[in-house]
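> Which chain is which? The protein sequence lines are W and P, in order. Note that the working numbering has the first sequence beginning at 344, numbered continuously upward. Note that the working numbering has the second sequence beginning at 344, numbered continuously upward.
Honestly, the hints are just simulated from the structure, not real lab data. Mixed in with the good hints, there may be bad ones.
Simulated restraints, written as ranges between beta carbons of each label pair [to be verified]: (1) W:Glu407 to P:Gly375: 58 to 64 Å; (2) W:Arg419 to P:Gln386: 37 to 43 Å; (3) W:Asp558 to P:Glu411: 20 to 26 Å.
Here are some, though not all, of the chain W residues that point toward chain P, as calculated from beta-carbon distances under 8 Å [stated by the list, open to error]: (4) Arg372; (5) Tyr420; (6) Pro565.
Positions of the beta carbon are idealized from the N, C-alpha and C atoms, including for glycine.
Protein chains: 2
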Amino acid sequence: MRYHPRMLERISEAGTAEGVRERRFDIVRPEGRVPGVLWTPEQAGSATPLVLLGHGGAGHKRDESRLERAHAYVRRYGIAAAAIDGPYHGDRAARGREQRYDATVAGEMVGDWQATLDALLDLGEFDEDRVGYGGVSMGTMFGLPFLVADGRIRAAVLGLCGVRSSARTEDSLFARLVRDAPRLACPTLFLMQWDDELFDREGVLALFDLLGSADKRLYANPGGHAETPQHVRDLGLEFIAAQLLA
Amino acid sequence: MRYHPRMLERISEAGTAEGVRERRFDIVRPEGRVPGVLWTPEQAGSATPLVLLGHGGAGHKRDESRLERAHAYVRRYGIAAAAIDGPYHGDRAARGREQRYDATVAGEMVGDWQATLDALLDLGEFDEDRVGYGGVSMGTMFGLPFLVADGRIRAAVLGLCGVRSSARTEDSLFARLVRDAPRLACPTLFLMQWDDELFDREGVLALFDLLGSADKRLYANPGGHAETPQHVRDLGLEFIAAQLLA
C-alpha cells in the first residue's frame, strides 16, 4: 500500500494475471471517496499510454465489460486502463441517494474523472500526451462533459447516447450534452445501435451531428441498446490504439 | 491472348508490377462488349478469393481508385480484383447515347456483372464461394441490384448512395433500389459521407435502414461526397478481407 500526497489516498496491488497487473485505488474528493481500478502491463515502461474506461448504467468499475476491455488494451496494445465507479454505482451504490442522472451528477463525475486523471498522472507511469477515453451510454453522458471540461483526452470512443432518452434521465443532463458536444475536439469514434430502444435514432444522430471534432466517425450496427456486436468492441480498441500509438 | 468458349472473348496480359499481375479482358454480350481488368497475385493459387470493384460516376474500370484498391487487395490480402466499365463509362463512353442512370441501365449493369462473374469463374482460378463486391455511389446504384439478382456475393462494401439524389438520376432507378434493398442478404459495410451534397442525409440513412442483411454496418464520416477519408477505404478492404478470408 502506498500513500500519495495529493488525491490518491490509497493504491494497492490486487494481483497479476496473464501479464496484466491490477491495482485498486481510492481518490479522495470533498464529495466523498471515488473507488477505482488500474490495469497496467506487468512489464511497464515509464510513459505508458492510458485509457480511461467509463462504465454504463448499472455497471461498475470492474464489471465484465470493463475487465474485458482493460485486459484487451493491456495485452494487445500495451496500453494501461483505469476505471472508477460512477455516482450511485459499484462501491458507491449504498449511499442511500436516489439514482437520477442530471447535470449535477454529470458535474460530479467530471470532477471525479479529473481528480482521477490528476492522481494517475502523478504516479509518473503514464504519458500525459497519450490519454484516451472509452465509454458509451452513461459512459458518454458523463464522459462527454469530462472530455470537454478537461482537454487532456486525445481520442475517445463514445456513443449509445443521444440528445434525449426514454430512460430516467433529467433534461438538464441532455441540455449539458447539447451545449458541450460542439466543444469536443479530439478524434472520436461514435458508436450507435440502429435499433436502440433507450435512445431514439434521430436523437442519437443529432448528438453525433453536434460533435465538434473534425475527425468524428459514426459506426452503427443493427440491434438494441445492449446488443453491440463483438466486432464493434474490437473496432473501438483499434481506434484508440491507432490514435494513441500513432 | 486466349479465346474462351463462353463469354470471355479475349483476355490478355497487361503486365506485372509489384507482385500484381494485370490482365485485360472483354465480355461479349448481346448488348455489346464489356471491357474489364483483372488483377491477381503474381503467384496465385487455384482458389483465390475475388472481389469485384464497381466504379463511381465519371470513373472507369481502371481509374485511380480502382487501381489503388485492386493493388491493395492483391498485395495486402492475396485477394484478386476485377473491374468493368459501366454503361457510358471508360471505353464504353463514345457510343453516343445520352448518359442517364435509370432502372434500364441498372438492369444492363446487372447482366454485365453476372456475365463477368460467370466468365471469371470459368477461368478456374477463383473460389466461387469467396467472392466480394465493393462499389459506392454509382457503384452502389448498379451494384446493389446485381448483388440481389445474383446471390453469389458473400460480402459487400456499399454506400455514398440513398433513396434519392440531387444528381441526374431517374426515379425508376431509386424505385429499384428501394425494392431490392430488403432482399440484400450478405454482410455489408455501408459507407456514408455525413455532408454528402449529392445524397441527402435522411435518404442515405433510409437506404441503410432498408438493407435486409442481418450483418450490416453503417460507417459515416464528415465531409462531402468525394471526400471519403483514407481510413475509411482501409476499413472497407479490411471488412471484405475479414469476410472472405475467415
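> For every hint, state whether the structure bears it out.
Quick rundown of the hints versus the structure:
1. W:Glu407 to P:Gly375: 58 to 64 Å: Holds, at about 59 Å.
2. W:Arg419 to P:Gln386: 37 to 43 Å: 31 Å, violated
3. W:Asp558 to P:Glu411: 20 to 26 Å: The hinted range 20 to 26 Å holds for Asp558 of chain W and Glu411 of chain P, with Cβ atoms some 22 Å apart.
4. Arg372: With a minimum Cβ separation of about 37 Å from chain P (threshold 8 Å), the hint on Arg372 of chain W is violated.
5. Tyr420: With a minimum Cβ separation of about 17 Å from chain P (threshold 8 Å), the hint on Tyr420 of chain W is violated.
6. Pro565: 6 Å, holds
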